[in-house]
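Protein chains in written order, with the numbering used here: chain A, 142 to 226; chain B, 142 to 226; chain C, 310 to 477; chain D, 310 to 477.
It is worth saying that the hints were derived from the structure and are not from the lab. Just so you know, not all the hints are guaranteed correct.
As the list claims (entries may be wrong) - Just the calculated beta-carbon pair ranges, DEER-fashion:
(1) D/468 x A/183: 37 to 47 Å
(2) A/183 x C/331: 46 to 56 Å
(3) C/451 x D/468: 52 to 62 Å
(4) A/216 x C/384: 42 to 52 Å
(5) D/314 x C/362: 27 to 37 Å
(6) A/195 x D/397: 18 to 28 Å
(7) A/195 x D/450: 43 to 53 Å
(8) C/464 x D/468: 41 to 51 Å
(9) A/195 x D/467: 37 to 47 Å
(10) D/354 x B/194: 49 to 59 Å
(11) D/454 x C/322: 42 to 52 Å
Stated by the list, open to error - Straight-line C-alpha distance at most 20 Å; calculated SDA-like pairs for lysine to any residue:
(12) C/468 x C/385
(13) D/456 x C/414
(14) A/158 x A/180
(15) A/194 x D/456
(16) A/206 x A/195
(17) D/317 x A/206
(18) A/206 x D/455
(19) B/145 x B/196
(20) C/450 x B/145
(21) D/456 x A/180
Built from N, CA and C at the ideal position, the CB exists for glycine as well.
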Amino acid sequence: MAIKLRYFAWVRERVGKPDEEIELPAGIATIGELMTWLAGRGEEYAYAFENPKIIRAAIDRSHVKPQAAIAGAREIAFFPPMTGG
Amino acid sequence: MAIKLRYFAWVRERVGKPDEEIELPAGIATIGELMTWLAGRGEEYAYAFENPKIIRAAIDRSHVKPQAAIAGAREIAFFPPMTGG
Amino acid sequence: MAAIITVKVQREPFDVSAETAALTRGSTAVGAVVTFTGICRGDENGEPIAALTLEHYPGMAEAEIEGHVAEAAQRWPLIGATVIHRFGRLVPGEDIMMVATASSHRAAAFAAADFLMDYLKTRAPFWKQVEKASGDTGREKIWVEAKADDDAAAARWAKPGRSDQAAE
Amino acid sequence: MAAIITVKVQREPFDVSAETAALTRGSTAVGAVVTFTGICRGDENGEPIAALTLEHYPGMAEAEIEGHVAEAAQRWPLIGATVIHRFGRLVPGEDIMMVATASSHRAAAFAAADFLMDYLKTRAPFWKQVEKASGDTGREKIWVEAKADDDAAAARWAKPGRSDQAAE
Numbered sequence: 142m143a144i145k146l147r148y149f150a151w152v153r154e155r156v157g158k159p160d161e162e163i164e165l166p167a168g169i170a171t172i173g174e175l176m177t178w179l180a181g182r183g184e185e186y187a188y189a190f191e192n193p194k195i196i197r198a199a200i201d202r203s204h205v206k207p208q209a210a211i212a213g214a215r216e217i218a219f220f221p222p223m224t225g226g
Numbered sequence: 142m143a144i145k146l147r148y149f150a151w152v153r154e155r156v157g158k159p160d161e162e163i164e165l166p167a168g169i170a171t172i173g174e175l176m177t178w179l180a181g182r183g184e185e186y187a188y189a190f191e192n193p194k195i196i197r198a199a200i201d202r203s204h205v206k207p208q209a210a211i212a213g214a215r216e217i218a219f220f221p222p223m224t225g226g
Numbered sequence: 310m311a312a313i314i315t316v317k318v319q320r321e322p323f324d325v326s327a328e329t330a331a332l333t334r335g336s337t338a339v340g341a342v343v344t345f346t347g348i349c350r351g352d353e354n355g356e357p358i359a360a361l362t363l364e365h366y367p368g369m370a371e372a373e374i375e376g377h378v379a380e381a382a383q384r385w386p387l388i389g390a391t392v393i394h395r396f397g398r399l400v401p402g403e404d405i406m407m408v409a410t411a412s413s414h415r416a417a418a419f420a421a422a423d424f425l426m427d428y429l430k431t432r433a434p435f436w437k438q439v440e441k442a443s444g445d446t447g448r449e450k451i452w453v454e455a456k457a458d459d460d461a462a463a464a465r466w467a468k469p470g471r472s473d474q475a476a477e
Numbered sequence: 310m311a312a313i314i315t316v317k318v319q320r321e322p323f324d325v326s327a328e329t330a331a332l333t334r335g336s337t338a339v340g341a342v343v344t345f346t347g348i349c350r351g352d353e354n355g356e357p358i359a360a361l362t363l364e365h366y367p368g369m370a371e372a373e374i375e376g377h378v379a380e381a382a383q384r385w386p387l388i389g390a391t392v393i394h395r396f397g398r399l400v401p402g403e404d405i406m407m408v409a410t411a412s413s414h415r416a417a418a419f420a421a422a423d424f425l426m427d428y429l430k431t432r433a434p435f436w437k438q439v440e441k442a443s444g445d446t447g448r449e450k451i452w453v454e455a456k457a458d459d460d461a462a463a464a465r466w467a468k469p470g471r472s473d474q475a476a477e
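The following block holds chain A by itself, in its conformation from the complex (with noise of 0.2 Å):
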């Protein structure tokens, strides 16, 4: 299952790249451990996933907890807590 991953803000810098295609491997079935297979592809995403729990997530343009199966998503995306307003 091809998905869309975006990142944004400081999790952008990390990553080096705003956004990429993954194949999502067998096993992986919820953010939080999308987030730890993202963690060991390499010293950028280990820097940027080094502390999930505070890392947002949204599926699909919406947000989602850790726990959120990723079933059927078609864009993910990481950054840190909002800071509009």
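Let chain A serve as the given structure and place chains B, C and D on it in line with the hints.
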């Protein structure tokens, strides 16, 4: 002691004038006593002050309660509860 | 730093954006501006009205509002606050009054504007009279009655031991 | 009556008075308008800044704000609500975003504007980065950290049994 009385909104309409000068009679020490005295001055005053509990007062342009002392007042105003804003 | 306070009681219309611009001009400390505009509606208690006439107590109105604004500036870290209240005859759609508050952060600007509105409603010496729109001759004029809701709203801000500040 | 909802996410400046006028035009039911304007301050945590850059998540930002405004219109009897949020680089003194709410009565307009601000702060996908003003070469850029105060403010509005609505 000469005091200027001012009336606003329906108190003014009932009394029939916006202001007047009065000589404060002996024995009238508080706003409440003044309202009772005014109510005895004729039909229009009796109508204006028929329910003194709902009438607000100000001494020299500051809100006061019925038990407030009149001594030293130059201007006393009577009016309904405020409805501005 | 003392807040810049502007209070006007006037017959003429006002310009909310000009007043707001004046409030923030020359300061880069302002991060939040809240404005409230009270507008003459076309109805009162569900009945259509032709106009609203605002009577006020000249001299006391200004002093009372200035006192409330000064208290707001003591309670919250305001950079500026403006209150303008009109009097005279207004037709539906016309602005009645405005409050604008400026602060570094939004909580203070919101709270101060809310506080000022509640106090103006219950303590500023203004009285509204409506002209009913029904009937084509001798329009009925009725004084608007004070609302218990407004007293309750103002009471939210009363400080312990300062009952003189609350709506009576 | 459905509220008239306007949401814009844009790089360009906005005109609060034009947006407010659009919100009240043609309605004599509006008795209260509250506006909030968020402005780029000249400092962040006491240190002078040269500029603020706002990054956002296109698509999600609009949808998220629209969802909040629709919820506000369900909670309070709004006649209209407008939210405009800018992105890109802004210098001190420039407007960042605005909220305007219109209702027949002031309590609804105040509460809805306050609610929208708290949710925008904690749920709308925007991120602020400041450029410090100190030093003349290679200006330091720092991502603004989320404030616990903002989460607490947003939590005020959470409904029982709907913890998903609160800031996490």
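Hint by hint, here is what the structure shows:
A beta carbon spacing of about 43 Å between residue 468 of chain D and residue 183 of chain A agrees with the range 37 to 47 Å that was offered as a hint. For the pair residue 183 of chain A and residue 331 of chain C, the beta carbons lie near 55 Å from each other, so the given range of 46 to 56 Å is met. Distance hint check for residue 451 of chain C and residue 468 of chain D: the Cβ-Cβ separation is about 40 Å, which falls outside the suggested range of 52 to 62 Å. Under the hint 42 to 52 Å, the C-beta atoms of residue 216 of chain A and residue 384 of chain C, about 46 Å apart, fit the expected range.
Distance hint check for residue 314 of chain D and residue 362 of chain C: the Cβ-Cβ separation is about 35 Å, which falls inside the suggested range of 27 to 37 Å. Checked against the given bound of 18 to 28 Å, the beta carbons of residue 195 of chain A and residue 397 of chain D, roughly 25 Å apart, stay inside it. Taking 43 to 53 Å as the suggested C-beta distance range, the pair residue 195 of chain A and residue 450 of chain D does not conform, at roughly 19 Å. Distance hint check: the CB atoms of residue 464 of chain C and residue 468 of chain D are about 26 Å apart, inconsistent with the given range 41 to 51 Å.
The supplied range of 37 to 47 Å is broken by residue 195 of chain A and residue 467 of chain D, whose beta-carbon atoms lie about 21 Å from each other. Hint check: residue 354 of chain D to residue 194 of chain B, Cβ distance near 54 Å, so the stated range 49 to 59 Å holds. Checked against the hint of 42 to 52 Å, the C-beta distance between residue 454 of chain D and residue 322 of chain C comes to roughly 44 Å, which is consistent with it. The suggested pairing of residue 468 of chain C with residue 385 of chain C holds, with an alpha-carbon distance near 14 Å, which does not exceed 20 Å.
For the suggested pair residue 456 of chain D and residue 414 of chain C, the alpha carbons sit about 12 Å apart, so the restraint of at most 20 Å is met. Pair hint residue 158 of chain A plus residue 180 of chain A holds up; C-alpha atoms about 15 Å apart against a cutoff of 20 Å. Straight-line distance between C-alpha atoms of residue 194 of chain A and residue 456 of chain D comes to about 16 Å, which keeps the hinted pair within the 20 Å bound. Taking the CA atoms of residue 206 of chain A and residue 195 of chain A, the gap is about 11 Å. The hint holds against a cut of 20 Å.
Straight-line distance between C-alpha atoms of residue 317 of chain D and residue 206 of chain A comes to about 27 Å, which puts the hinted pair past the 20 Å bound. Restraint check: the Cα-Cα separation between residue 206 of chain A and residue 455 of chain D comes to about 18 Å, which is no more than 20 Å; the hinted pair holds. For the hint linking residue 145 of chain B to residue 196 of chain B, the alpha-carbon distance of about 17 Å falls within 20 Å, and the restraint holds. Taking the CA atoms of residue 450 of chain C and residue 145 of chain B, the gap is about 28 Å. The hint is violated against a cut of 20 Å.
Distance check on the hinted pair: residue 456 of chain D and residue 180 of chain A sit about 26 Å apart at the alpha-carbon level, beyond 20 Å; violated.
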